[in-house]
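We have chain W already, so just place chains L and A on it with the hints.
Here is what each chain is made of, one letter per residue.
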Amino acid sequence: MSTGAVAIPGHANLLKRHQLQQLSLFALVALVCVVALLSIAIGPVNIPLADVLRTLAGVAGLPAGEVAPQHQAVILSIRLPRTLLGLLVGAGLAVAGAAMQGLFRNPLADPSLIGVSAGGALAAVSVIVLGGTGLAMVTDALGSFALPLAAFAGGLVTTLVVYRLASSDGRTSVTTLLLAGIAINALCGAGTGLLTYLADDQQLRTLTFWSMGSLSGATWPAVGSLAALMTPPLLALPLLARTLNALLLGEAEAGHLGIAVQRMQPIIVALAALAVGAAVAVSGIIGFVGLVVPHLLRLAQGPDHRFLLPGSALLGGALLLLADLLARTLVTPAELPIGILTALLGGPFFLALLLRWRRTAL
Amino acid sequence: MSLSPAALGAALLALVAVAGAEGLVANPPQRIISVDGALTEIVYALDAADRLVGVDTTSLYPPAAEELPKVGYKRALSAEGLLSLSPDVLLATDDAGPPEVLKQIVLAGVPVPMIPDQPTVAGLHEKIAAVADVLDRAGAAVELSAAVDAALGEARAATANASRKPRVLFLLHVGSGNDLAAGRDTAADTLIRLAGGENVLHDAFQSYKPLSAEAALAAAPEVILVTERNLKGLGGEDALLARPDLAATPAGQARRLVSMDGPLLLAFGPRLGEAVATLARHLGTIQGGAPRASEQASTEERRDAAARDAGRTGSPPANAVTTD
Amino acid sequence: MRTDAPATSGAVSHRQAPGAKGSFAVLDIGVRRQGRWLLDGVSLSVGAGEVLVLLGANGAGKSTLLKCLAGDLRPERGQVQLNGRALHHWSALEAARRRAVLPQASPLSFPFTALEVALMGRIPQGGPSAADMEIALAALGAAEAEHLAERRYTTLSGGERQRVHLGRVLAQLWEPLPGDEPRWLLLDEPTASLDLAHQHSVLALARRWASSGRSQRGLGVLVVLHDLNLAAQYADRVAVLKQGRLLEQGRPQEVLRPQPIFDAFGLPVRVLPHPELDCPLIVPRAPR
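Protein chains in written order, with the numbering used here: chain W, 11 to 372; chain L, 124 to 447; chain A, 3 to 290.
These are computed hints drawn from the structure, not numbers from a lab. Even glycine gets a Cβ: it sits at the ideal position worked out from N, Cα and C.
Some residues of chain A that are not near chain W, with every Cβ distance over 10 Å (derived): (1) R38; (2) L179; (3) Q201; (4) A206; (5) H228; (6) L283; (7) R287.
Derived DEER-like restraints, expressed as beta-carbon distance ranges: (8) A107(A) x A270(W): 22 to 30 Å; (9) A362(W) x L269(A): 50 to 58 Å; (10) A273(L) x L336(W): 45 to 53 Å; (11) T243(L) x L48(W): 47 to 55 Å; (12) G357(W) x S159(A): 28 to 36 Å; (13) G359(L) x P79(W): 52 to 60 Å; (14) L208(W) x E96(A): 48 to 56 Å; (15) L175(W) x D30(A): 29 to 37 Å; (16) G128(A) x L336(W): 38 to 46 Å; (17) L188(W) x D182(A): 42 to 50 Å; (18) E76(W) x S330(L): 46 to 54 Å; (19) Q329(L) x L48(W): 43 to 51 Å.
Chain W extracted, bound-state conformation (with noise of 0.2 Å):
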């Protein structure tokens, strides 16, 4: 019983592991904190870095010295919602694919694979399509957050309709959960197809300019909406880790260990549905974040979600600001989608990394 006898000494570099990963979230706040001046400094504007740091003093409200007005107008309305669009957007895919991986016990799972974003789609597509119509009055009601809570309640709708039906004797099989997500997909897709047709010319532009991802769209207001609507999913997520590391053991052995699997599933679900439909309505479907930003993390830091959470949340928001910054610079004046170049960057690292983990630790 005496537990001081055991050889800890043998394994100093076990307890090095947890101090190394406190050490790689102080790093990931830093590197938020270089990419967020980056995306706020760089831009087709040519503004001297004098002028950015006057302006975000201002901001900060220590004393800010002459700046010019237009200089000032394009920091304060273009680029810093823009930078703090991009940060809630990357944090919450990521930690979304994170949860949603260790729920499936897959690492390849994405809110894609169950029906999320399918889902998130369709209801966003609907409030698009149909808004101007019998849904106006709701729609008009609800303002900027109208698109972004159809996108979570469709999302959250297909996902529970999925877990349904692959729940059976108050238990759920994943298989049978993946198999209904694929259907739900299906349907969705002919959902949103029907919907494209039924849209009239001004909406169909609006379908196109939102299925390609982008966040030229960030306004102040939708910034706020977005925050309000990020805050549960990243705050609670990273919580939840113990949870979602004995799921990684089976459901039945999750129980066995004291976690009320069939409460907290659903739970967890819902986060996520809300991340992904608030991130899914501000910015359009940008793909890639949630599966290669946990991945990354698992391959350097191991796969214990306490550090997983709360890293995706930082490396996500930190890669898809460097890709916007990438995405608005690359082409000047005009700007490029940003799913285009989450996945040119976010491809081949993944797929390097990938291999070099083959070759290392298997």
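For chains L and A alone, coordinates are given in the frame of chain W:
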């Protein structure tokens, strides 16, 4: 944290916007960005091209426009990208976007007169007048509108003698899936009518919709109209006419395929008269060429024939026309 | 309830009232799946300090019974009692502090280190602290897997993984409960992927934990096994299931006789006295 910069930004932008608006009244804008092919053409036609500092990717004519900085596709604009060109005004049709970006441009003090984009002759005159208003070129606009009317009048007079209206199907190839076909309220629809033809899908639907193989057969077009670039994408003339949905139509049987320069066909700009005349020549409504025997049959009979011949690909001598 | 520490051979008669405070028991339970009774009227009880081995042919209901005890299944009929209280009245967390389950196989496919896996056994106790780390290491040591502590789980062999999970469930029950409330270890075919030496060491460990009562505190072990000789050697009691019903239960010497074995498995055997140990030795008879 997020509220104070928002408020500060809004206040600042309001100030800048007021300043910008006052500037516009005083003197005509010297730095113009146009994000629509037709508007760009109008700016050139009004002899104000020297003031253009940027155009979108749909601005393909005149060739000189392609030399200007490209601000991207008209529906996926970048606020800061546009601002980096320091424009005095952004010329845009009402389908430009995304809306948030246009809002930011306006807030940054750059006026964005939204010009309605109607594919009608009246709509074209409205566009010319609106652009001229921004450029302070009212005189040139009157001349341009008159020239457009003159060209259209000429074309109308020439097609007036045509014995009958050829039934035309306009196809737009957009990547995978069924091709889109033009219904009513489209540039193609108006152009076909002005050129003395009849859009087979005018009564079927509005705007562009995917067309199934059987619907194409049932529409029984006598002429297939495509853009030159699309024709390449669809695999060329022979491949297109051999498609099962088109081969059995009267157009497929008679190998009547017209391909036209895309910007001329679809831009609906000041070259409308030229576009109508070109299409009319291809449709045979101007020269009044001798109608073929089969074209004298009634529509119903032709449809029956098309249905009987469905799946068979006997093709009479080539009669397809293309422009270069 | 027994108070005397058993001898290492452990063959003690152990009859107590099912459902008593110091036991883990099923009372007349029935589990039906698609109209067929997988378990029908089974009553069985494990006592603190004993190793009960569950035997039976494939499909006899062993796994179903284990699932009922683990709380994965709630029987349609009858009741499962943990320390004198219906299992479903314990919260998941309360149950987890009293009962650990070693699964036949785990779907874990993420590259945790073995130590991190063992540390998950400490989740019911409130999660990994520095003290938990030491317990996890010690538990891995007890499961003869300490040398694997830094290895990635995904790179381990089947037998090594099994031992890491054993370390995990040992870590879960490492500390005694207040008032010497008994703890329960459920092992589902723990020897399946182990080599001969490790098969014996795992069961010897179970024996030690139950009888020497690791620091004299109550702990009972229920093991599902296929190997009759392992059962004979390590069980205090054996229970034999057949087609969802309890066929026999009792000390190995009483139960592991040719007739019950033939009834349960359809296999003719001879039962000899073990040349070295105080237990029977079961030898299949040559087929004629």
